[in-house]
Structure formats: structure tokens, C-alpha cells
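Colleague: Sequence:
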Amino acid sequence: MITMVEKQTIIHMYRTVGYSKRAIARQLDISRKTVHKIICEYEAALSCPDPEASLESVLTTQPRYNSSRRGPRVIVGSLKDLIDDCLEKNARKRAMGLKKQCMRGKDIYELLIDKGFQVSYTGVCKYIASACMVKKEDKSQEAFIRGYYPPGESCEFDWGEVKLYLNGKLHRLQLAVFTLSHSNGRYAWLFHHQDQLAFMESHRNFFRQINGVPHIMVYDNMRVAVIKKFAGEEKKPTQTLLRMSNFYRYHYRFCNARAGWEKGHVERSVEYVRRKAFSINLHYTSLADAQSHLLSICEKINSRSGSPSTINKVEELAADLAALRPYTNEMGCFLMAEYKVDKWSTICMNCSHYSVPDTLVGKTVTVKMYSEKLVVLFGNDKVAVHERIYSREKGWSIKLEHYINTLLRKPGALNTSLALKQMPVKIQALFNKHFTDKARDFVFLLQYARDNNFSDNDIIEAYSSLKERGLRSISADQIKAMMHTNNEPQGMPDEPIYLDESHKSGSALIEDGAMRILMDLSRIMDTENNIKITTKN
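Take 74 as the starting number for the sequence shown in this note's numbering and just add one per residue.
It cannot be assumed that every hint is accurate.
[As the list claims (entries may be wrong)] Keeping only pairs whose Cα atoms sit at most 30 Å apart, straight-line, the calculated BS3-like set for lysine-lysine is: (1) K446 to K416; (2) K472 to K553; (3) K386 to K413; (4) K349 to K242; (5) K413 to K472; (6) K436 to K413; (7) K472 to K446; (8) K483 to K455; (9) K106 to K153; (10) K153 to K188; (11) K416 to K308; (12) K436 to K386; (13) K472 to K511; (14) K511 to K494; (15) K242 to K208; (16) K441 to K309; (17) K494 to K416; (18) K416 to K455; (19) K511 to K499; (20) K413 to K373; (21) K499 to K472; (22) K441 to K494; (23) K242 to K472; (24) K506 to K494; (25) K208 to K162; (26) K416 to K373; (27) K153 to K179; (28) K110 to K162; (29) K441 to K472; (30) K386 to K416; (31) K511 to K483; (32) K506 to K455; (33) K110 to K153.
[Unchecked claim] So the derived label-pair ranges between C-beta atoms look like this: (34) R341 to L128: 24 to 34 Å; (35) T89 to S203: 37 to 47 Å; (36) G196 to V78: 52 to 62 Å; (37) R316 to L155: 53 to 63 Å; (38) E161 to T358: 53 to 63 Å; (39) R348 to R296: 31 to 41 Å; (40) I75 to K188: 39 to 49 Å.
Quick caveat, the hints were computed from the structure, so don't treat them as lab data. Quick caveat: nothing in here was measured; it's all calculated off a predicted structure. Even glycine gets a Cβ: it sits at the ideal position worked out from N, Cα and C.
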């Protein structure tokens, strides 16, 4: 292959110096046929209607071989027919759903060797690749037309999958992504399952976030939106989609099968949002923590306009949000079912148990199922709330306050109960240190806290306050008193309470006296315990 310098030298010697083709071939030690080919190209360029442009093309085009007419020299005849037959059988197997039983290049090569053909493995692979390329070129290439979407008219929805570590455990989560077609504004939420509840809650969260409803929602053939039908039949929406479209007053449109370009905005958005949000950090304390991070990333994406395609993104997103339908109310995103309370004072749903008050054993309760929680109703009263269990193993969600009445009659069962193991760690530490042999007092403390609307955090704060005062032996009555002290209403900053010096000194004396009494009682109890231990020894 000659170089560009040699090509231009041949043309220069022929056009300027006036050498003949034979003289140029002898002078440059190049084949006379090569010289003849280059000079013919030069003369053909001069005879064109636009000689200047043609001559410039000839002088600047790098010489190269024309290999388009080359054919295989080894894979011909019966060898070629045998390979083509194997490829046709593979095509028929794929059409029958037997993709995993197709012959690979290695299998075809071994078949040829067994048949007695002399051929290399690389030669077989190159021929198979060229045959597949020819089939692709034979298919007509489809052209696509870029669409325009008025502000607020269309929004596309799709699901994606992401794997994250929640509290140290790997979870496979579902990513619900919304993309506004006009501005390419992106919003996303995380769920454990890709079910009807998550489908409803994702739309509720999206409409609440943008404070409006698009005119048209675009879906593909997802099972939560489309009732699967036989080929050729008209697609029908699910009851959930009909319920949402009627409540929020929007229209819906379904894409054709295997036609991702019909909702190309969100197809790209799933990959883009997942990569931007979860390519660096995979570890989060909870689903709420991961969701908070995801929302902050979406907000950053929607406010960024760096590339030429997103230079006016902020203005377009504002136009999208301004043209939405009004958002007036939220739809209840739950399913309802009835369950009978078993002897463990639990309801069993999807092989997982959730506790209810022990007074409801044997009775039927109504359960509102949300995507991430359960609300248990008895009549019109809410009796229990639990986070949903999504682990593959059978799970138990037990709350100790549901078993107060039973534990008052059977306090000895508290030490080894699952309800105690699922209490906060600090509550367990309080029981193990001060109430191991006084389980009934501990149950009375929990009952008192429940009846007076104190939470577990109030008990923990009261326990911490007593420890800070130097008490080593803490009773249930002390915790009750400290809970009331910690929750006494304080004077508002804009309405200060002024006391004269006599009231201030009197209040301080009362508080100091009360604390001295508590300290004396604690010392007396500690002394009695030490005397008992000494006597035993």
C-alpha cells in the first residue's frame, strides 16, 4: 500500500514534470499498474463537472484496499453449506423458545472437525459474525421522529431495580421513576415490592411532590397497570389504574410491546437516576434514609442545567409544573382484609405474625395494608400499627404492650419472651439490670406508661436522668416520678413566668429536699442489699 506522499508525488511527476507512467514507475520503484490506477483517478477527476472539488478529494483521500469483493477461500462449498445449516437451525430454535439449546461457535467448529473438514476456529467465528452482520444489514433500518410535548401534557412511568444494604443487610428494592416529557424532570421513590400498593403510593407521592397531575400518564405492559391478554386483544387497565385515573382525573396510554422508544424519556431516566443516586454509596440505615438521599439527588438533577440538551431545564420544568391539572386531595393507598386473632394474640399474613392486644384473642379484626405498614382496626378503633415484614423467612412483629394483661397474670414469662427481645435495647438493659427479679413491677411500669400516654423514649429518658443523679438502684416508682418531671409543661418563651425571690428559694428548697429523700431511700435500699449479701456469705 502506497502512502499519501507517494500518491501526491506520482501526480506531481505526471502533471508538472511530464514523466510518463513507465518513467514514474522506474523512478519510484512502484508497480506500473499502481501508477496507472492513480493517474486514471486523477484524469477522471479532471473530467468531472466540478474538477476542483473532485481533484481536492483525490489529493486528500488516503489510498486503501477495496476488500468488499473478497470472499472466503477455505469456507466454501459443502463446508459453507453445513455452517449455514447450523445457523438456520439456531434461528428455528430461538423461534421455538429453545434459545439455551442453540449451537455456539465452538460447537459448530467441533462438528466440522468431526465431519473431516480442515478449518480453523477463528475462521469459523469470523464467518458466523459476517453472516450475522449481513442479516442485520438486510433488515431495513427504521427511522425515528423526535416528538414535542407541550408543558404539563405527558408524564412517563416505569419500574427499575436497585440493590442496597439496609442496616447491614442486602435488599432488592424496586425503583418507581416518573419523568415529565416536556422538561425531562425526574422523580423517584423506593419500595420493597412492585405491587398494587407500591403503584398507588408512588403516584400519590409524585402528585403530592409536584402539587399537580399531568394530563396523560404513559405506561408500558407492566402487570400493575395492564391486565394481560392474548396477542391481538385490546389492552385493559387494572382496577387500581382505573381507580387512580378516576380519582386524580388523568388519562392513561399504553405503549406497544417491545417499543421502548414510545416512552424513551423514562427508559433512560431509570438508569440515570439509579446511577446518580446509588453508584457511590450502597449502605443506609433504613429505607427512609435511602429514600431521603434519593429525593435529594432528584432535586439536584432537576436543578442542574449543564449540557446543551438541559440548558433551559429549570425554565422548562417550571412551565411543566405550572400547566398541570389541580391537585386537590390524596387517595387512600391501602387494601383491606379481615383476619382472626390466633392464640398467640397475633394475626398471620403472608406467613408473618403481627401482634394485637391480648383482649382480642379469637376475635376478627380488620387490617389496612399499606406498602410499608399495617394498621389493625377493631370496630372503629385503631388497636395496632406494625411495619410490614418483607424477609423471606417467617417473621414475628411483637409489641410488649399488647400482652400487658397476660403478663400481669404470668410475670415469669417476661424474661424469656420474644416481646421483650423486640423492645428497644435500652429498655432491655433497664429490665436486665433492675427488674430481673421484679418482672411484675416492670409490667406495671409499662401499663402505667401506656395509660398515661408515655412512650418508650420517655421511659429511657427518665432512666437516664436518674442515672445522672447518681442512683444505683432504681425502682418503677422513681421512673414514674421522673417521667412526670421530664414532661412538665414549660413556660413559653413569649410568656415568661416571673417569680419573686421568696418563691424561687422555696421552689429550690422543695426540689433539693425531694432529691435528698430519694438519695436517702436509695442508700437505705443499697445498704439492705449489702447486708443480705453479707448474711448469705
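Colleague: Please name the hints from earlier in the document that this structure breaks, with their numbers sorted from lowest to highest.
Modeller: Of the numbered hints, 3, 9, 11, 12, 15, 20, 26, 28, 30, 32, 33, 34, 36 and 39 do not hold.
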